[in-house]
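Peer 1: With the numbering used here applied, the sequence shown has no gaps in its numbers, which climb one by one up to 1102 at the end.
Watch out, some of these pointers could steer you wrong.
What the hints assert, rightly or not - Below, computed lysine-lysine pairings styled on BS3-like, alpha-carbon distance capped at 27 Å: (1) K715 x K637; (2) K529 x K562; (3) K760 x K715; (4) K676 x K694; (5) K723 x K529; (6) K1054 x K723; (7) K557 x K691; (8) K637 x K612; (9) K668 x K557; (10) K637 x K658; (11) K557 x K658; (12) K691 x K658; (13) K1054 x K529; (14) K668 x K562; (15) K691 x K1054.
Source of the hints: derived by calculation from the structure; they are not laboratory data.
Small disclaimer: the values here were computed from a predicted structure and weren't measured.
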Amino acid sequence: MLKRNSTIWMMIGLLYAFPQLLSAQSSYSKLLYHVPLTSEAVNPIGAITSTAGEYTSKGWTAKGTNGQLRIDLDGFLPFEGMMEISVSGLMPTVTDEWIPFALYSRGDGNFDKVDPSPGSYAFIKTDERYSGNNLDFKFFGAAFYGANGSNRQDFSIYKRSWSTSTVYKFYIIWNQKTIKLMLNNETLGERKFEKQMESFGYIFLGRDNTYNTTMKSVYYRDLKIYVSETDHPFLSMADAYNEMADKKVGGQGIAIADVDKNGEEDLYVTRFYGAGGDWPNLLYMQSNDSFIEDGTARGVSDPAFSYQPLFADFDKDGDVDLFVNNFSRTPDYTNQPNHLYLNDGNGNFTDASVNLSGNTEADGRSATLIDIENDGDMDVVVLGETAAHKVYINNGSAQFSAQTRGLENFRSSANKYQSAAAGDLNGDGSADLALLHQTGIQIARNNGSGTFVAGPVITLPATAAAVTLADIDNDADLDILSANSGTDNPRVEIMRNDGNLSFTSISGSSSIGVSTFSVLPGDWNNDGKVDIFLIDRNTTGRLYLNDGTGRFTEKTKTGVDAVFADGRGSATLDVNQDGRLDIYAAARGGFAVDDKTKEEKPY
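With the hints as extra help, turn the sequences into a complete structure.
Peer 2: In structure tokens:
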């Protein structure tokens, strides 16, 4: 069960209202959590488990050699922040290896198990060997612990006078460049901390799970977490460790709908990782803000190489059905054709792919919903990378006929097609298509009878990956946004719709110079203007706010700035029904090879 929910990341928009920290230690001034640790009082920080320990007026302390206080945070922390912990009774001279306090992105709390993976951690450690080297502790931190351990950073904390009666305040301060350890007002050390893909979600006091040793008569109290001031905060709700352990790599496309009609939106995620693998798609069913993956039991696992899923009520029976666009190419991706699944009304599906007349294996790269004839029946366009494009015409009862409808005239032998988006681009009441190939966009105009004819061709200055439509200047027509994934001219191309299928590039003034696979529109600050969320390979997610004219400004320190391991698709929904849009984003991930066991571990 996913309580913090996602294949890779779920980011929930929140509003924080907490007291301020009046401290010079860092720029992180918003107090997110404060746990006194003097009693078992319920605290919003998350689930707190005390093992072989007790709460006292001086704080929590271990009563046995395996004493531990574990905190499973209610949500993963932002990628910038600070943890403060007050410790008394501390004496680093020990006869065994000991980690007094630690931050982890994975619930194992064991840095040996994090190697190799994108898991992150930060802790101090001591053992009897350090005393001979004039050391008290060492600090260890890893933003992304790769197969060779090259990302791990450490520094020494040299001997000093300690008093068991003194209360020491330790601070771990991190951002996307560095991580720092402070003691009271003294900086003990600072190291690089780059490309953190999994943010911290677990805190261990007394010991972590790498060693089974803790020290008695050490007291921990006043645990505090600080984050940056921001008016657009997102909180990561993905339980990364559970997902990684289940080898959920290959995230690609996303569809969102209330599958079982319980009033909460569910998630369908396609997976496309590599030839020769078995990558079943995922259906996350939501109930009470929690998600359970149930694709196989509900009949939609579809273990094929899938790109785009589409939810719609194809048979008009009052529930959403599912169309899955599958990719097939001989010899490396021998695969099944597209699939159609019909919903029984309770979120259970029957494979009705036999209803797709003319449905054959092809290199379908993208799919989009469209009512091509304005007859109230939802049709589907599947864009072939090199194969023929198909329009699946729905007769109203989920019986489809694959046709071309003029799309046979939209081919380019020099370019592979990547993405399609449907919408009324000229205001005539019929849905048109924007067909994206690697260097341009072809407009396929609907003639009103369900046949596409040639519209303008838009040349793009860089390799393009995806296209979407949105009204970014609030003039009541659809503009075109394309995601450029190449490094030759990385930016989001924005084509303003001037009416009558005339488009003007405003990409330069919009100033979004980012290579990306996906452009997700949404109003993240509820001001009535369309903003943009972007993800790409091994770089951070980015949020851009719109001034209403199509000019965008990046909003930083929001919590969406996860580093995605080959980020692909994203979608928006309101998980907690608070009126603010949340973001679900998927990444393909990859495998690292353990140097010792030669075992492949997913990330």
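Peer 1: Looking at the structure, which of the earlier hints fail to hold?
Peer 2: Of the numbered hints, 2, 3 and 7 do not hold.
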